[in-house]
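Asks: Each chain is listed here by its residues.
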Amino acid sequence: MESDLKLSAQGLIRDYAGRRAVNDIDIRLAAGEVLGLLGPNGAGKTTTLRMLAGTLAPSAGRILLAGHDMARAPQQAKRHLGYLPERPPVYDELTVDEYLAFCARLHGIERAKRADAITRAKADCGLEAVGRRLIGHLSKGYQQRVGIAQAIVHRPDVLILDEPTAGLDPNQLRGIRELVSRLAEAHSVIVSSHILSEIQAVAHRVMILHRGRVVLDEALADAEARDDRVIDIGLRAGPDKSTLAALPGVETVEPLGDGRWRITAAPGRDIRGSLAETAVHNGWHLVELTTHAPDLETRFAELTRSAEHTTAVAS
Amino acid sequence: MNLAVSIARHELRRLFVSPLAWTLLAVSQLLTGILFALSLTDLSLNPQRIGAYDGVSAIVGGGLFRFATVVLLLVVPLLTMRVFAEERKTGNIELLLSSPASLTAVVLGKFAGLMGYLTLLFALVALMPLSLAFATPLDIGLLASGLIGLWLVMAAFCALGLFLSSLTREPTLAAVATLGALMLLWLFYAVSAMEWQPVVFGTALPLGDAARALALIGHHDALLRGVFSSADVLYFLIFTLCFLALTVVRLDMDRH
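Residue numbers (the working numbering), protein chains in the order written: chain A, 1 to 315; chain B, 316 to 571.
Hint data in this document are derived by calculation from the structure and do not stem from the laboratory. Hints may be right or wrong, so weigh each one.
Only pairs whose alpha carbons sit at most 20 angstroms apart, straight line, appear in this in silico EDC-like list of lysine to aspartate or glutamate [stated by the list, open to error]: (1) Lys404/B - Glu93/A; (2) Lys113/A - Asp92/A; (3) Lys404/B - Asp92/A.
Pulled from the structure, derived: some chain A residues nowhere near chain B, Cβ distances all over 10 angstroms [claimed, not checked]: (4) Arg133; (5) His137; (6) Leu138; (7) Gln150; (8) Arg182; (9) Arg229; (10) Glu254; (11) Ser274; (12) Leu286.
Note that the structure is a prediction, hence the values are computed from the model and not measured. Virtual Cβ for every residue (Gly too), placed ideally from N, Cα, C.
The shape of chain A in the complex, shown without the other chains (with noise of 0.2 angstroms):
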């Protein structure tokens, strides 16, 4: 298993001039994941990225990048990575041509494949047609293409992206999400962003950081999976509580008010047909019938919200 792990990270810490911007952060990505970093600004998305990067030292904690030690070894971890920080790192008063050649040498590119792997990233994140353009004359789109061209143009095991969308419009925005998606087929990535719908487009497990902290680390199926058991019902003409309750299979009920209910099922047992056809047969006039879903975007504003809850009462 551990193996498989293109990047670990282990109890990562950073101070600025003594305040905490991430703490005690555990990462794992393995082969061919794409993970989701998630929080909202200022939670310690760049700091972790940046440490992971091996562009900031991280003041407590240990980063294995493809099996080499980031402080003992950076040279030979950084080989493996690929990394688009926050702003794309590009020259302006250069062509798309000369700044990728330039980064395949800087990456160790032997001058035979250096060509072939210019074409490719540029293929890969559709700049074929503007190889001879200046880089400060391309629209903010295609710089951020051209950013993440920089970083895949070696063939990182690891790619890191720190907002790649930010500051998009929604058709370069869709276009970016593809590359991403198209990318993780032959490359582990960490995407962050502060919008969880990028997360969701992208990502196959998401985490949560909120002040410095992982609140939530989860496969993307399980965290939007949706409970069957948990049924939100609406009869205009509905009964009381008890006898809803006292339906085969019921557990308990909650009103919602307004002749909306929220049933919850005893476990292992889907009442949905059931239950519509009981309303139906009592002429409760149904007019809803679905399984609650606690969608991530409630989780993520319950999660970020409760710690800054409990952070305000600690303090």
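Given the coordinates of chain A, assemble chain B onto it according to the supplied hints.
Replies: Relative to the frame of chain A, chain B by itself:
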């Protein structure tokens, strides 16, 4: 080492696609060219100035190289401010810091790139007195010593500028600090000429001697007079290496 070469080439390329580099070359060429023409005119009007010890090489060459140092004083801060201060401001430094290049390779690469550019400026200045070889016999040894001195001054200025550039994220601040520091080095030379020995607690402090030992321009002056001493050359080498090493240390501190 390959990475340092890549970074140096990248730096040179970026310089030559920017108008700043060409403008600086043009302006310094104009200024040194005018001075060269003026000193030749002066010499042709007052030929009696050529004596037993001071020939054309010493008068024209020495004067030109001294003036070139002043031009460098203004050119180098504008070049070095771009390197770390500006890259930090734009965030492009992250590209280098997250790459497999070591900090030493980054600093050496940047230094070599700038020196490549300055060497072109140097060659243009050097060609002026050397072109006199068609008209009059030259003291090549004297000129060579002066030119080596000029190149070493460039390297020293450049290393100091890189270090000051690595201290800040404001390019203009880096340029002003470098200009100030280079002028301070000049002032050391003035102090060294004063034979100043203030008495503190009954002890005469040889400040004049200390300033002479430290003054960058003084070491250059000896080379301009054709006195090629390894002590002067070592002074420049140590000065340059010290500031390059300090730059590496400073960049490493950034991560912490």
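Asks: Now look at each hint and say whether the structure bears it out.
Replies: Results for each hint:
no. : hint               : result
1   : Lys404/B - Glu93/A : holds (16 angstroms)
2   : Lys113/A - Asp92/A : violated (25 angstroms)
3   : Lys404/B - Asp92/A : holds (14 angstroms)
4   : Arg133             : holds (13 angstroms)
5   : His137             : holds (13 angstroms)
6   : Leu138             : holds (15 angstroms)
7   : Gln150             : violated (7 angstroms)
8   : Arg182             : holds (22 angstroms)
9   : Arg229             : holds (47 angstroms)
10  : Glu254             : holds (51 angstroms)
11  : Ser274             : holds (59 angstroms)
12  : Leu286             : holds (58 angstroms)
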